[in-house]
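**Q** Working from the sequences, and respecting the hints, build out all of it.
Protein chains in written order, with the working numbering: chain A, 1 to 253; chain B, 254 to 582.
To be clear, the hints were calculated from the coordinates, so they are not data collected in a lab. Possibly wrong hints are sitting among the right ones.
[Said to hold, decoys possible] Here are the simulated DMTMM-like pairs of lysine to aspartate or glutamate, each with C-alpha atoms no more than 25 angstroms apart in a straight line: (1) 172(A) with 232(A); (2) 83(A) with 72(A); (3) 83(A) with 71(A); (4) 97(A) with 58(A); (5) 83(A) with 468(B); (6) 83(A) with 178(A); (7) 172(A) with 459(B); (8) 83(A) with 128(A); (9) 200(A) with 212(A); (10) 216(A) with 187(A); (11) 196(A) with 210(A); (12) 83(A) with 36(A); (13) 392(B) with 337(B); (14) 97(A) with 459(B); (15) 172(A) with 468(B); (16) 196(A) with 219(A); (17) 97(A) with 128(A); (18) 369(B) with 98(A); (19) 547(B) with 291(B); (20) 83(A) with 459(B); (21) 547(B) with 510(B); (22) 369(B) with 58(A); (23) 97(A) with 468(B); (24) 200(A) with 71(A).
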Amino acid sequence: MDDARGSALLETRNLCRSFGGVSATRDVSIRLAPGELHAVIGPNGAGKSTLVNLLSGELAPSSGTVHLAGEDVTRLPVHARVKHGIARSFQRTNIFKDMTALENVRLAAQAVHATPGSLFRSAWRARDLVSRAQTALARAGLEDRSAAIAGTLSHGAQRQLEIAMTLATSPKVLLLDEPLAGMGQEEGLRISALLKALSKDHAILLIEHDMDFVFKVADWMTVLVEGAVLAEGTPDAVRTNAAVRRAYLGAQR
Amino acid sequence: MNEQTRLLPHSRLGWLLLAALLACLVAAPHFVSIYHTELITTAMIAAMLALSLQLLVGGTGLVSLGHGAFYGLAAYVVYLISPEAAARPIWQTLPAAMLVAGLAALLVGSLSLRTKGFFFLMVTLAFGQMIFFVFHDTKLGGGTDGAYLGKPLIQAFGASLDLPRRQRPLGPYYVALIQLTLMYVGLALLMRSLFGRILEGIRANEHRMRAIGFDTYRYKLTTFVIAGMLAGASGHMWAMHRGFVNPELISWHKSAEALLMILLGGLGSLAGPIVGALAYTALGEFSQLVTERKLLVEGLVILAVVLVLPRGLTGLARRRKAAELGPDG
Chain A
1 MDDARGSALL
11 ETRNLCRSFG
21 GVSATRDVSI
31 RLAPGELHAV
41 IGPNGAGKST
51 LVNLLSGELA
61 PSSGTVHLAG
71 EDVTRLPVHA
81 RVKHGIARSF
91 QRTNIFKDMT
101 ALENVRLAAQ
111 AVHATPGSLF
121 RSAWRARDLV
131 SRAQTALARA
141 GLEDRSAAIA
151 GTLSHGAQRQ
161 LEIAMTLATS
171 PKVLLLDEPL
181 AGMGQEEGLR
191 ISALLKALSK
201 DHAILLIEHD
211 MDFVFKVADW
221 MTVLVEGAVL
231 AEGTPDAVRT
241 NAAVRRAYLG
251 AQR
Chain B
254 MNEQTRLLPH
264 SRLGWLLLAA
274 LLACLVAAPH
284 FVSIYHTELI
294 TTAMIAAMLA
304 LSLQLLVGGT
314 GLVSLGHGAF
324 YGLAAYVVYL
334 ISPEAAARPI
344 WQTLPAAMLV
354 AGLAALLVGS
364 LSLRTKGFFF
374 LMVTLAFGQM
384 IFFVFHDTKL
394 GGGTDGAYLG
404 KPLIQAFGAS
414 LDLPRRQRPL
424 GPYYVALIQL
434 TLMYVGLALL
444 MRSLFGRILE
454 GIRANEHRMR
464 AIGFDTYRYK
474 LTTFVIAGML
484 AGASGHMWAM
494 HRGFVNPELI
504 SWHKSAEALL
514 MILLGGLGSL
524 AGPIVGALAY
534 TALGEFSQLV
544 TERKLLVEGL
554 VILAVVLVLP
564 RGLTGLARRR
574 KAAELGPDG
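**A** Printed below as a string of structure tokens:
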């Protein structure tokens, strides 16, 4: 089954994390292949955000490992994982509100692409970073909002900005924590088209509550319940999985 | 790309006011008494300390109560390396003072920067007081009474600023002014650089900075050391100017005073601590003239200024500009 999906870009093995005796992640082994849009679903409290935090390095696992392209990154802190190609967006919009959209993205580009020698050069002479930022903004559909102060953008545009910031770090893996949260239908359509396009040249791990959306865009799905993997497979396989229907879909609909 | 750097003037008016302030400081000694020349020198030295602290507070969002310790430590370094009978040249004393202050900042910073907010405040306070008690409780630098420098002269390349008595304050005055100006220009360039943008990002949202790939601890530590070295330059100048050291220079009151100056002048600009230090010194003089309850008057005035002008005295220039240009200006 795994062979059909090619070799894994990001892989966890027996990942566990508990908080004061409560297990939030139990023995999770998942694989994320290049070019794959992999959705992680599960009821509230299933440990989806904890999983993202373990993958991004914000949390350290109690046991188990995280591998990126075969390399063990389990012990690397957040900032080092970004340089290895893991970028994330946040469930609650997390941007620099008082800076322009361009500056938000330029900072992200700077984190990965600035050479140490340029650190004390004037920020506005670093044209390469600005053009990287503009490219990322354009890809996220924000090219005409680059001069706007980030805090004044619409909610949907702020979500797009989150994605543009992750893109500016030239990631291999995108971890997107509910990119559609709080979006209207039209904005949602725009983001879903964006994700489809991005999945061509990134491996995307997506957490999302909107089931219609998830089943439409995902190539592969993992269902988490109480921190553990209940099922995984293609959207069709998951949709018809009896255990999933009982534990999750049935309960919600 | 023409985006503004937050701590620098946002308008031509701001830069003009700054240039006018510099011109006034250049001219002042020729119009005021020796007493006032020395007073302004002291104020400029305080301005250097406050300016170095502003890199942490307004620049990076780190409020430290240990900053004064690097200042006092540097003053003691000047005392400790100066022989009894002769003066050491400034190109020896200044780097030595800054180096020791920087090393102390590296040590204190590497431990305290693992904490945040209130805990950072308390840990820096504790470290600062430790340095204070080293000099307060031992005979290393004259104990509680402090000590006088043998020959507090600013000397460079064989030439010393050994002026006739009437002009003696001019030497330290201009040396302090030059250092203050260089420090402002240096920090302005720093805030405009890619490094400065990182500090601004850390101040605004450190968590996000880490998530986009910055090792924020390393940048905060670098900044803490730079600020400590600049505080050292300020303490060095104090020892040169006043010719004596005492433990009071190291105590947390120095940090608190510098924080007050920043608050008074404005948290949101590099000019704030300079204006704040001058205003604070002037306020001290003035309240001494009109009352015996100096501290009470000082406290009330500062309270009033902070309440009426939350952006401090330098916020006045910015507010006018905002009114002229509207919210987008």
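**Q** All the hints need checking, so say for each whether the structure fits it.
**A** Tested hints:
1. 172(A) with 232(A): With a Cα-Cα distance of about 22 angstroms, the restraint between residue 172(A) and residue 232(A) holds, given a limit of 25 angstroms.
2. 83(A) with 72(A): It holds: about 14 angstroms lies between the C-alpha atoms, which stays within 25 angstroms.
3. 83(A) with 71(A): Status holds; Cα separation ~13 angstroms.
4. 97(A) with 58(A): 22 angstroms, holds
5. 83(A) with 468(B): 11 angstroms, holds
6. 83(A) with 178(A): 23 angstroms, holds
7. 172(A) with 459(B): Since the Cα atoms of residue 172(A) and residue 459(B) sit roughly 24 angstroms apart, the hinted pair holds (cutoff 25 angstroms).
8. 83(A) with 128(A): 18 angstroms, holds
9. 200(A) with 212(A): Holds, at about 21 angstroms.
10. 216(A) with 187(A): Given pair residue 216(A), residue 187(A) holds - Cα atoms ~16 angstroms apart, limit 25 angstroms.
11. 196(A) with 210(A): 16 angstroms, holds
12. 83(A) with 36(A): It holds: about 21 angstroms lies between the C-alpha atoms, which stays within 25 angstroms.
13. 392(B) with 337(B): Distance ~17 angstroms between residue 392(B) and residue 337(B) Cα, so the pair holds.
14. 97(A) with 459(B): 13 angstroms, holds
15. 172(A) with 468(B): Roughly 20 angstroms separates the two Cα atoms, so the pair holds.
16. 196(A) with 219(A): It holds: about 10 angstroms lies between the C-alpha atoms, which stays within 25 angstroms.
17. 97(A) with 128(A): The given pair, whose Cα atoms are some 23 angstroms apart, holds under the 25 angstroms limit.
18. 369(B) with 98(A): Answer holds: residue 369(B) to residue 98(A) is near 22 angstroms, not above 25 angstroms.
19. 547(B) with 291(B): At roughly 20 angstroms apart (the allowed maximum being 25 angstroms), residue 291(B) and residue 547(B) satisfy the hint.
20. 83(A) with 459(B): 17 angstroms, holds
21. 547(B) with 510(B): Roughly 15 angstroms separates the two Cα atoms, so the pair holds.
22. 369(B) with 58(A): With Cα atoms ~17 angstroms apart, residue 369(B) and residue 58(A) stay inside 25 angstroms; holds.
23. 97(A) with 468(B): Answer holds: residue 97(A) to residue 468(B) is near 21 angstroms, not above 25 angstroms.
24. 200(A) with 71(A): Given that 25 angstroms is the threshold and the Cα spacing comes to 23 angstroms, the pair holds.
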